[in-house]
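Given chain A, put chain B in place with the hints provided.
Those protein sequence lines, which keep their order, are chains A and B. Sequential numbering of the first sequence, starting at 1, is according to our numbering. Sequential numbering of the second sequence, starting at 1, is according to our numbering.
Please keep in mind that the hints were generated in silico from the structure rather than gathered at the bench. Incorrect hints may have been included.
Said to hold, decoys possible - Computed cross-link-like contacts, EDC-like style, restricted to lysine to aspartate or glutamate with a CA-CA straight-line distance of at most 20 Å: (1) Lys123/B to Glu73/A; (2) Lys123/A to Asp101/B; (3) Lys11/B to Glu73/A; (4) Lys11/A to Glu73/B; (5) Lys66/A to Asp101/B; (6) Lys66/B to Asp101/A.
Number of protein chains: 2
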Amino acid sequence: MQSADAKFNKKSLLLALRRYSSAISDMEQTILLPSLLRDVPSDEVWDSEAAEESCEDLYGNYLMLKAIRNTVESGLIPLDDHKTKKTTVLNKTLEPLLNTDPEALFRFHLRGLFSVMSELTEKTRSLTDKYMDIIGAAN
Amino acid sequence: MQSADAKFNKKSLLLALRRYSSAISDMEQTILLPSLLRDVPSDEVWDSEAAEESCEDLYGNYLMLKAIRNTVESGLIPLDDHKTKKTTVLNKTLEPLLNTDPEALFRFHLRGLFSVMSELTEKTRSLTDKYMDIIGAAN
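In isolation and in its complexed conformation, chain A is listed as follows (with noise of 0.2 Å):
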């Protein structure tokens, strides 16, 4: 029974949220010229309308990166002001879900968002360690 406790307090969301931000103050701390950023490729590409985005570079990443802490910090929901074709993609692939049970939805919207911050905080890391191979420090 221990070890299944010790198992499910990890999937806690807020401890997510919390490894997230934690994530972005050490890049914060660590990246003191974001600039040195710009223009490295960054060899993780989504989609083909990510690389006509702002991501497309280390230095775009950095600036998602702190963007989307921003709005884990302020637990506000972004106004759809750009994006506006990936929005209606997702849009579109919610719409079978709208017949389903709301609390099937709010678990699959838990674990989704669960899910994505542990990607994002992994991704932070990286970009923290990449930063570390081009200013030539060690790790």
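Structure of chain B alone, referenced to chain A:
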């Protein structure tokens, strides 16, 4: 600007979670005899699977809404011990999202969670009103 700000402040996930907890507290204080909700059919049937499960009467809804509040307040991601079919359906829905960049995915789940919390709050208030009707109390 002021009205845009006011609109923006309403879109806070933390506020939505608090509103839900508060609606559940009202429900618990009002519904002193939850067993009166047994066998009262819920007029909302989300899909064919929902009808097979425990939420088909108002008592089932009452238990489900309370269980979600516990998850919301603990902040823990529920383990997948049941509702396996539904989870499979939702995970299939997630597949096209996997190539999406994490920022868009983050916004999608944040909005989704906000939206489902608002729906559950409405549902909790409506269940409380129905109980008042059942016991013949004026709202």
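Hints, one by one, checked against the model:
no. : hint                 : in the structure
1   : Lys123/B to Glu73/A  : violated, 28 Å
2   : Lys123/A to Asp101/B : holds, 12 Å
3   : Lys11/B to Glu73/A   : holds, 14 Å
4   : Lys11/A to Glu73/B   : holds, 14 Å
5   : Lys66/A to Asp101/B  : holds, 15 Å
6   : Lys66/B to Asp101/A  : holds, 15 Å
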